[in-house]
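With chain A's structure known, arrange chain B on it following the hints.
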Amino acid sequence: MDTPLREPTFLILTALATGPMHGYGLIGEVAALSGNRVSLRPGTLYGALDRLVDAGLVEVDGEEVVDGRLRRYYRLSPGGEATLSAETERLRRNVEAATSRLSARTRAARPITPRTAGGLA
Amino acid sequence: MNDLERRYLRLLHAYPADYRRARGAEIVGTYLDLADPDRRWPSPADAADLLRGGLRQRLRAAGVTDLIPGVRLAALLALVTASVLAGVWSVAELHPPPVEWGVPHLGPFVSLGVVAWAAWLLTAAVIAVAPIRVARWAITLALLLTLALPPMAVALDAPRPPLFVLLPQVVLGLLGLALPDRPSRAIRLAPLLSVLLALAAAEFLLGLDHIDCYCGPTSAFLPTAGGLLLVVGALLATGLAIGGDARGGWALVTLLTPAGFLAVPALAGGTGWIYNAVTFTQLAGSAVAVALAGPAVLLLAILVRARRNPTTRHPGQPCPTCGTRA
Numbered sequence: 001m002d003t004p005l006r007e008p009t010f011l012i013l014t015a016l017a018t019g020p021m022h023g024y025g026l027i028g029e030v031a032a033l034s035g036n037r038v039s040l041r042p043g044t045l046y047g048a049l050d051r052l053v054d055a056g057l058v059e060v061d062g063e064e065v066v067d068g069r070l071r072r073y074y075r076l077s078p079g080g081e082a083t084l085s086a087e088t089e090r091l092r093r094n095v096e097a098a099t100s101r102l103s104a105r106t107r108a109a110r111p112i113t114p115r116t117a118g119g120l121a
Numbered sequence: 001m002n003d004l005e006r007r008y009l010r011l012l013h014a015y016p017a018d019y020r021r022a023r024g025a026e027i028v029g030t031y032l033d034l035a036d037p038d039r040r041w042p043s044p045a046d047a048a049d050l051l052r053g054g055l056r057q058r059l060r061a062a063g064v065t066d067l068i069p070g071v072r073l074a075a076l077l078a079l080v081t082a083s084v085l086a087g088v089w090s091v092a093e094l095h096p097p098p099v100e101w102g103v104p105h106l107g108p109f110v111s112l113g114v115v116a117w118a119a120w121l122l123t124a125a126v127i128a129v130a131p132i133r134v135a136r137w138a139i140t141l142a143l144l145l146t147l148a149l150p151p152m153a154v155a156l157d158a159p160r161p162p163l164f165v166l167l168p169q170v171v172l173g174l175l176g177l178a179l180p181d182r183p184s185r186a187i188r189l190a191p192l193l194s195v196l197l198a199l200a201a202a203e204f205l206l207g208l209d210h211i212d213c214y215c216g217p218t219s220a221f222l223p224t225a226g227g228l229l230l231v232v233g234a235l236l237a238t239g240l241a242i243g244g245d246a247r248g249g250w251a252l253v254t255l256l257t258p259a260g261f262l263a264v265p266a267l268a269g270g271t272g273w274i275y276n277a278v279t280f281t282q283l284a285g286s287a288v289a290v291a292l293a294g295p296a297v298l299l300l301a302i303l304v305r306a307r308r309n310p311t312t313r314h315p316g317q318p319c320p321t322c323g324t325r326a
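Here the protein sequences line up with chains A and B, keeping their order. Residue numbering for the first sequence follows the UniProt record's numbering, beginning at 1 and increasing consecutively. Residue numbering for the second sequence follows the UniProt record's numbering, beginning at 1 and increasing consecutively.
Extracted from the complex, chain A is given alone in its bound form (with noise of 0.2 Å):
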């Protein structure tokens, strides 16, 4: 699978990794983890799972009936542990390189404040 990861992506494989979840599950999860900025429709979600099934990412936990309503769980596979994992680390770099810019960007726009020379007195 191409990388940098898309955002849905990335959410996606990030709530599979507390463990195996079915797609009401994930859609919920996707939601919580973006701060309601992602909304995942089931037909999206689906389509996104098939992608990463293909890829090797993501794996079929097992299935079960609640409510007469067929629920499929996904877990993260190895392969796809690797991936969040490495994609989280390069997301980590960025993040630290934009922080660390960003303080000494604050630091040099401090105004300076004149100061009276305590040998004037």
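In case anyone wonders, no lab produced these hints; they're calculated from the structure. Don't be surprised by glycine CBs; every beta carbon is placed ideally from N, CA and C. Don't take each hint at face value.
[Stated by the list, open to error] Listed next, the stretches of chain A that the computed footprint assigns to chain B, with coverage defined by at least 3 CB atoms under 8 Å from CB atoms of chain B:
hint: 1; region: 23-30
hint: 2; region: 39-46
hint: 3; region: 70-84
[Said to hold, decoys possible] Calculated Cβ distances over 12 Å to all of chain A for the following chain B residues:
hint: 4; residue: D3
hint: 5; residue: F221
hint: 6; residue: A266
hint: 7; residue: T279
hint: 8; residue: V288
hint: 9; residue: A291
Frame of chain A; chain B shown alone:
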């Protein structure tokens, strides 16, 4: 099974039959889990999601996964072209023919077309700054205004741009609706920058003061614009193909239809001033031929690609995602 479930199952026919058998219960179950208890009909957004998912799955089954990204790329080029045309026609609208020519016009403007072109210019600005959902509404509004010009002209007894100018604009706009859901800043700005360049070029380079707006040599640039669109598409396809990316190829095939509509006057046998001599029947015949040939070429390309990459699962083979046998 309640009404809502039955209706979701009906929409599920957008998916290929074997996929539907393997995954249908899971997909519909998730929609039902998400639905309010008193809901009886799928929401329009759910219906669109199912239809989109079904189309995507059919393309995936045919091994044509890069078609949709290709169409999205074509959508960007179509929007840029629509913006350039709107910019040029806007300037042309501000240069009505001299009164002594006796050509009917609309106050300081050439025709009612100014309303539609203004909407397209506004759309380019909206795409640059607003969320993509709002941008799609702006494109839809510009499309509706463009489509409304012929009946408005009849109702108000006012001049309007010729149909061979309006029709390609509508086709380009329809394709533009397929703009990516999360376009980059460069993509967002492309139509607006194109408009500004087109306005400047039309006002200062073309010398529209001496041109009879739509029916003069100015309109000869429609087939030229169509040709340029295909040249840009071909260059993009070649560049991307070198990196093993087939999106550009699909974009090029998709662009054949709008480029064909831009070339309708030339295909009907007219160039420059001769547009006046081309009959409505010739123009309509060319437009119908393009409307049939463009999508047919795209369909043919999909079928050829599907035959070369047969990834469709045969009955009895397990689904690669869930392991279920169809």
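Status of each hint after checking the structure:
Only residues whose beta carbon comes within less than 8 Å of a beta carbon in chain B count, and the region 23-30 of chain A has 3; three or more means the coverage holds. Residues of the region 39-46 of chain A with a Cβ under 8 Å from some Cβ of chain B number 6, which satisfies the need for three, so the listed coverage holds. A stretch counts as covered by a chain when three or more of its residues have a beta carbon under 8 Å from one of that chain; for the region 70-84 of chain A and chain B the count is 3, and the coverage holds. The Cβ of B/D3 lies farther than 12 Å from every Cβ of chain A, with a closest approach of about 16 Å, so its non-interface assignment holds.
Here B/F221 stays apart from chain A, with its beta-carbon at least about 39 Å from theirs, past the 12 Å limit. Consistency note on B/A266: stated as away from chain A, and its beta-carbon is indeed over 12 Å from all of that chain's, at 41 Å minimum. Residue placement check: B/T279 keeps its beta carbon more than 12 Å from all beta carbons of chain A (closest about 47 Å). Chain A leaves B/V288 outside its interface by the beta-carbon criterion, the shortest separation being 34 Å against a cut-off of 12 Å.
No beta-carbon of chain A comes within 12 Å of the beta-carbon of B/A291; the shortest separation is about 29 Å.
When the structure is compared with the earlier hints, no violation turns up for any of them.
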